[in-house]
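Visitor: So the chains spell out like this:
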Amino acid sequence: MTAANASGPPVLSVRKLRVRAGKRTLLDDVDLEFEQKSLTAVIGPSGCGKTTFVRSLNRMTEMTPGLKISGRVDYLGQNIYDPAVDPVLVRRRIGMVFQRPTVFPMSVFENAAFGLRLIREEENEIDRAVMEALQRAGLWDEVKDDLNRSALGLSGGQQQRLCIARALAVQPKVLLMDEPCSALDPAATQRVEATMDRLKQEIVIVLVTHNVGQAARVSDRVAFLHSGHLVEVGVTADILERPREKLTEQFITGRFG
Amino acid sequence: MPATVESYVPPPPGAELLRATSLSLRWRVSFDRAIGYLLPLLYLVALLPIAWIVYWVSVHALVTLNWSALTDTSPLDTHSLAVPIISTFYVMLLATVIAVVFGLFGGIATAEFLSERVAGWVRTSANLLAGTPSVVVGYFGYFAFVLYFGWGLNVISGSFTLAFFMLPYLFRTVDLAYTSVPRSIREAAYGQGARPLQYLLRIATPIAFPQVLNGVFLAMAIGVGETAPLWLTLEQSALVPTGLFQPASFLTGQIFEDYTSGPGTPGIALAFEAAFILLVVVISLNIIVRIISARFRKRVEGLFQ
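Sequence lines, in order, name chains A and B. Take the first sequence: its position 132, counted from the start at 1, is 132 in the working numbering, and no numbers get skipped. Each position in the second sequence, counted from 1, maps to that position plus 1000 in the working numbering.
In isolation and in its complexed conformation, chain A is listed as follows (with noise of 0.2 Å):
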C-alpha cells in the first residue's frame, strides 16, 4: 500500500478505523496510509462511506451526533483521536473542502483570512498568505481588483477555488476534499481539478469523488471503498486498468454505482 512518488513517513496513517452509528458500520477496519506530496481518490457508490472516512481524518465526524469511532489516525505520527489531543487544532492542521461551495458571508478577502484570524495571526502576515493562499488555489488573477467584493457574488466555480484558498491560508499539510465538484459545472469543474493538479504537488490530498474520471484524470492514488470496506487501493492506472477485485471492476465500468 505505497503512494505512487513514495517519499518519506507517511503524513497520515490510519489503523483499524472503525466507525459506527447505533448498530451500523459505516467503516469497518480501513488501514490506509497517504504519503508526502499525493492525490488519493477515494471512489466508491453512495453510501460506501467515503465522506464518513474523509471527516473522519479530521475528527469532522465529531460533528454528527451518535457516531462512535475506534482505532486510530496518526498525523505525523500523533494519534488525531488520543483524548489529549483537541480537535480544533487538528481542523486548524487538516483542511477541508466540502461538497456545496461553503463561503461566509463576508468579503473575499475576509473569507481567505478567516482561518488565519482564528490564530490571530499577524495584520501583514494575513495579507500576505490571503494572497499566497488565492494564488495557490488559482483564484487569484480573478478577484485580485476587488478583494472587498462579497464573496457571495462569485460564481459556484470561484466559490469553491474560494473554500480551497480559505483552506489552505493556514498552510495545512493535508487537505480533504469531498466531492468538491459535484455542485459545479464542467468548466469550473475543470479549473478546480487543475488547482488539486499543482496543490499535489506541495501537500497531501484525500479526495473523496464518485466521479471515476476525476480520480483518473487527478490522483496518483485510488482507494476503492465499498459498504465500509476498503476493497483495494493502488497506484490509478492499475486500478482503473487492471482492478484485481471483481468489485472495483464492476464499479469502474459503470456496472453500479
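Calculated from the structure, these hints are not laboratory results.
With beta-carbon atoms standing in for the labels, derived distance ranges: (1) ARG1117/B x PRO9/A: 42 to 50 Å; (2) ARG24/A x ALA1294/B: 44 to 52 Å; (3) ASP197/A x PRO1040/B: 52 to 60 Å; (4) PRO65/A x PHE1031/B: 46 to 54 Å; (5) ARG128/A x PHE1209/B: 27 to 35 Å; (6) SER1024/B x SER46/A: 43 to 51 Å; (7) SER1293/B x ASP86/A: 37 to 45 Å; (8) ALA1294/B x LYS246/A: 53 to 61 Å; (9) LEU1197/B x THR64/A: 17 to 25 Å; (10) GLU249/A x ARG1117/B: 43 to 51 Å.
Beta carbons: idealized from backbone N, C-alpha and C, even for Gly.
Following the hints, position chain B against chain A.
Guide: For chain B alone, kept in the frame of chain A given last:
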C-alpha cells in the same frame, strides 16, 4: 391568468382533445377561474378589521390631538399625554433591555449549546410562556416582584413583568435566527478550526443579527400594547418617573382607565389619543421590521439555498 380563446383553431381529426368540451369539465374550468378572481377579495376581508380600527381610532383621536397634548409634561395639564408617552418609553426601554439579555442568552444557548433533548424542553416551556395569558403574567409579576421581592408598584416591577411577557417572542426569534444558519456554513467554520465561541461571534451572529433585531422590534410591538402586566405591577402617576422605584403611567393604562368615561368627555378623548399613538408606534415598529428584513435578504442573498 385565464388563457385567451381568440386564436382558436379546431384540432385536426383524431387529435387528443386538449380543450375542455364536456359540460362538467367546462364547469370546472370556469369555477377555477371564478375562484381566481375571488381569492384576492379575501385579502380585503383580512385587511378590513385593521383598516377599520385604524380609521375609527384616527377619526376620533385626530379631532382633539394637538402638539401640546403630546409635549406638555405639567402634572396639572390633564389633557396631555406627554407623561404617559415618556413613561411608556422608559418602561419599554428597560423591559426591552431585560428581555433582550435573557432572550439572547437563552436563545443562543438553546440553538447552539444545549443537547437536542434539553433544547426541546426549553422551547416547549417558551411556547407555554408565550401562551400564558398576559393577566396571569401580570399576576405573577405582582406576587414575585411587587410583594415577594418587595419592590412595590413601580417602574422596576413593571419592566421586569413586561420583560417576562416579551421574553418568549424574543427567545423564539433568537433561537430560530441561530438555528437557521445553514448547516454547511456551520460545518465549514468548524472544519476550519473555529472554536464554538469563534463560530458564534464571527459567523453565526453576523448572519443572525438582522433577524435578532427583528425579534427585538416585534417583541417591543407586542409589549407596548400590553395592559395587564403593567396594570398589576405599576402604579399610575401624573409625573414622569425619575427613578426605578417610582410609579409611572403608561399608554395602555390610560385607555383602560378612561375608556368608560362616556362620549364627549376629556377622558374619552385621551383614551382615543393614547390608542392612536399606540397604533402609530406598533405600525412603525412593524415597518422597521419590514425594512430590516428586506435589507437582510439582500445582504445574504445566495446564502440560504
